[in-house]
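Enquirer: So the protein sequences, as listed, match chains A and B. Position one of the first sequence corresponds to residue 1 (our numbering), numbered consecutively onward. Position one of the second sequence corresponds to residue 228 (our numbering), numbered consecutively onward.
These aren't lab readings, by the way, just hints derived from the structure by calculation. For glycine and all other residues, C-beta sits at the position ideal for the given N, C-alpha and C. A few of these clues could be false.
In the DSS-like style, the derived pairs of lysine-lysine whose C-alpha atoms are separated by at most 27 Å in a straight line are [claimed, not checked]:
#: 1; chain 1: B; residue 1: Lys298; chain 2: A; residue 2: Lys49
#: 2; chain 1: A; residue 1: Lys222; chain 2: B; residue 2: Lys361
#: 3; chain 1: B; residue 1: Lys413; chain 2: B; residue 2: Lys455
#: 4; chain 1: B; residue 1: Lys430; chain 2: B; residue 2: Lys255
#: 5; chain 1: A; residue 1: Lys221; chain 2: B; residue 2: Lys361
Pairwise CB distance ranges, derived in the manner of DEER restraints [unchecked claim]:
#: 6; chain 1: A; residue 1: Ser209; chain 2: B; residue 2: Lys303; range: 47 to 53 Å
#: 7; chain 1: A; residue 1: Leu45; chain 2: B; residue 2: Gly293; range: 26 to 32 Å
#: 8; chain 1: A; residue 1: Val27; chain 2: B; residue 2: Lys303; range: 38 to 44 Å
#: 9; chain 1: B; residue 1: Asp300; chain 2: A; residue 2: Pro66; range: 55 to 61 Å
#: 10; chain 1: B; residue 1: Ser237; chain 2: A; residue 2: Leu214; range: 40 to 46 Å
Here chain B is said to cover these stretches of chain A; the calculated rule only asks that three of the stretch's residues, wherever they fall, bring their Cβ under 8 Å from a Cβ of chain B [to be verified]:
#: 11; segment: 126-132
#: 12; segment: 204-213
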Amino acid sequence: MNFDLGVIQAALPYLWKGMQYTLELTVIATLGGLFFGTLLALARLSSIKPLSLVATGYINLMRSIPLVLVLFWFFFLMPVVIQSLTGAERPPFIGPDRTAIITFIMFEAAYFAEIMRAGIQSISRGQVNAAYALGLNYRQSMTHIILPQAFRNMLPVLLTQTIILFQDTSLVYVISGTDFLGATSKIAQRDSRLVEMYTFAAVVYFVISFSLSLLVKRLQKKIAIIR
Amino acid sequence: MPMIDIKNVSKWYGSFQVLTNCTTSVEKGEVVVVCGPSGSGKSTLIKCVNALEPFQQGEISVNGTGVGDPKTDLPKLRAHVGMVFQHFELFPHLSITENLTLAQIKVLGRGRDEANERGVKLLDRVGLKSQAAKFPGQLSGGQQQRVAIARALAMDPICMLFDEPTSALDPEMINEVLDVMVQLAKEGMTMMVVTHEMGFARKVANRVIFMDRGEIVEDAAKDDFFGKPRSERAVQFLSKILHH
C-alpha cells in the first residue's frame with residue numbers, strides 16, 4: 001500500500017470549502033447557542049415557576065438524547081410535522097444546511113445554558129445587591145454586572161464546549177452536509193483513497209482542537225492571576 | 228416626616244423569626260448607629276430599608292415612599308438611597324471610573340462627561356483621584372471601601388445606609404474609611420450605620436440603637452446609651468466590646 005500525498009494536495013481546495021462550512025457552522029452555533037443558552041439559563045433561574053420548569057425541561061431533554069437523533073429528527077420528521085400542521089400538499093424542504101444550523105443552535109443552547117447557569121450562580125449575592133442598591137433594574141443588573149462576570153468566569157469552559165462543538169459538527173455528514181469530514185469522505189470514496197483522506201482528516205481535527213485546548217489552558221492561567 | 232420610618236417590622240426565614248416588631252426612625256440630617264451582637268438582625272434590618280430583603284409584616288418608608296408597597300418603583304427609590312456594604316461590592320470587571328459612572332449614566336440618565344466629572348470630584352474627595360484608571364482588585368480594602376462610598380455619593384443620595392462598612396477591613400485601614408464617614412456626618416448627611424465602631428458612634432451619632440435576637444432593645448440618645456444603658460443585654464454587650 002502506498003500513501004499518496006498528492007491525492008490530498010489535489011483535493012485541498014475542495015477540502016478547504018468543507019472546512020469553511022465546518023467553521024461557519026461552529027461559529028454560528030456557538031453564537032446562537034450562547035445567546036439562547038443565556039436566555040435559557042435566566043429562565044431556569046427565574047422565580048417565575050412555569051418559565052423555570054419549561055426551561056429546565058428543555059435543557060434536560062436536549063441533554064438526554066444523542067445529537068445524531070436530534071439531527072435526524074429535524075431532517076426527516078420536522079418536514080412531516082410542519083406538513084401536518086399547515087396542511088400543505090407536500091412536506092416542505094428544510095435542507096441539510098438549515099437543519100444543521102437550527103439543530104446545533106438548539107442543542108448547544110442546552111449545554112451553554114448549564115454553563116451560564118453555573119457562571120451566574122458563581123457571582124455572589126452581594127454583587128446583585130450592590131447593583132440593585134444603585135438603582136439598576138433586573139435587566140440592567142444582568143447585562144452590566146452579572147452576565148459579564150459570569151461570562152468571564154466561564155470563558156474556559158465555554159471555549160472547551162466550543163471545541164467539542166467543532167468536532168460534533170462533523171455529524172452533519174449523516175444528513176449529507178458537506179462539512180470538512182463530509183468533503184474528505186466524498187474525495188475518499190471518489191478516488192478510493194480512504195487511508196490518505198481519513199488520516200488527513202484526523203490530523204487536521206487533532207491539530208486544531210489540541211492547539212485550541214492548549215490556548216484555553218493558557219487563558220485559564222491568565223484569568224486565575226487576574227482574580 | 229422622618230427620612231426613614233420603620234414601623235413594627237417583622238421578618239421570618241421560613242419559621243425562624245429574624246426581626247420582631249422593630250420600630251424606629253431616622254430624621255433628616257440624623258446619624259443613627261445600629262449595634263448589637265452578630266446574628267441580632269441589624270444587617271437584615273438595614274437591608275429591609277432599601278428592599279434588598281423582603282419583610283412580611285410592618286411598614287418602612289423612605290422619604291414618605293412605602294418600601295413594602297408593591298406599587299413602589301423600587302429601582303427609582305434605591306437610586307436615591309446610598310448603600311455601603313461590608314465586602315465593598317465594587318464591580319471587579321469595571322475600572323474605578325466605570326464603577327462610579329455606570330449607575331449615573333444608566334439610572335440617572337446623565338451624560339458620560341457629566342458622570343465622569345461627578346465621579347472624579349467624589350474620588351478626589353475620598354482621596355483617591357489618582358486611582359481612577361485602576362481596577363478594584365488593584366486597591367487595598369480601605370481604598371475599595373472609600374470608592375464604594377464615593378460610588379454611592381455619586382447618585383446624590385437623600386440618605387446613606389452603611390452595613391458594617393469596616394468589619395472586613397484590616398485594622399490599619401479602618402480609620403481612613405471612618406474619616407470619610409465622619410466628614411459626611413458633619414456635612415449633615417442622613418445616615419443609618421450598622422457598626423461595632425463605638426468610637427465613631429461617640430463622635431458623630433445622634434442616637435444609638437441596640438439590637439439583640441431580632442429585637443430593638445434600646446433606642447436612645449448617644450449620651451444616654453453610653454452613659455446609662457437601661458437593659459442588661461446592652462450593658463453586657465458594651466462591656467464586651469469596650470474592654471478587651
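Enquirer: Decide, hint by hint, whether the structure agrees.
Expert: A quick look at each hint next to the structure:
1. B/Lys298 / A/Lys49: holds, 22 Å
2. A/Lys222 / B/Lys361: Between A/Lys222 and B/Lys361 the Cα gap is close to 18 Å, so the pair holds against 27 Å.
3. B/Lys413 / B/Lys455: With a Cα-Cα distance of about 25 Å, the restraint between B/Lys413 and B/Lys455 holds, given a limit of 27 Å.
4. B/Lys430 / B/Lys255: holds, 18 Å
5. A/Lys221 / B/Lys361: Holds, at about 21 Å.
6. A/Ser209 / B/Lys303: 47 to 53 Å: 50 Å Cβ-Cβ, so the 47 to 53 Å window holds.
7. A/Leu45 / B/Gly293: 26 to 32 Å: holds, 28 Å
8. A/Val27 / B/Lys303: 38 to 44 Å: Because 41 Å falls inside the window, the suggested range holds.
9. B/Asp300 / A/Pro66: 55 to 61 Å: The hint (55 to 61 Å, Cβ to Cβ) is violated, given that B/Asp300 and A/Pro66 are roughly 49 Å apart.
10. B/Ser237 / A/Leu214: 40 to 46 Å: violated, 58 Å
11. 126-132: holds (count 6)
12. 204-213: violated (count 0)
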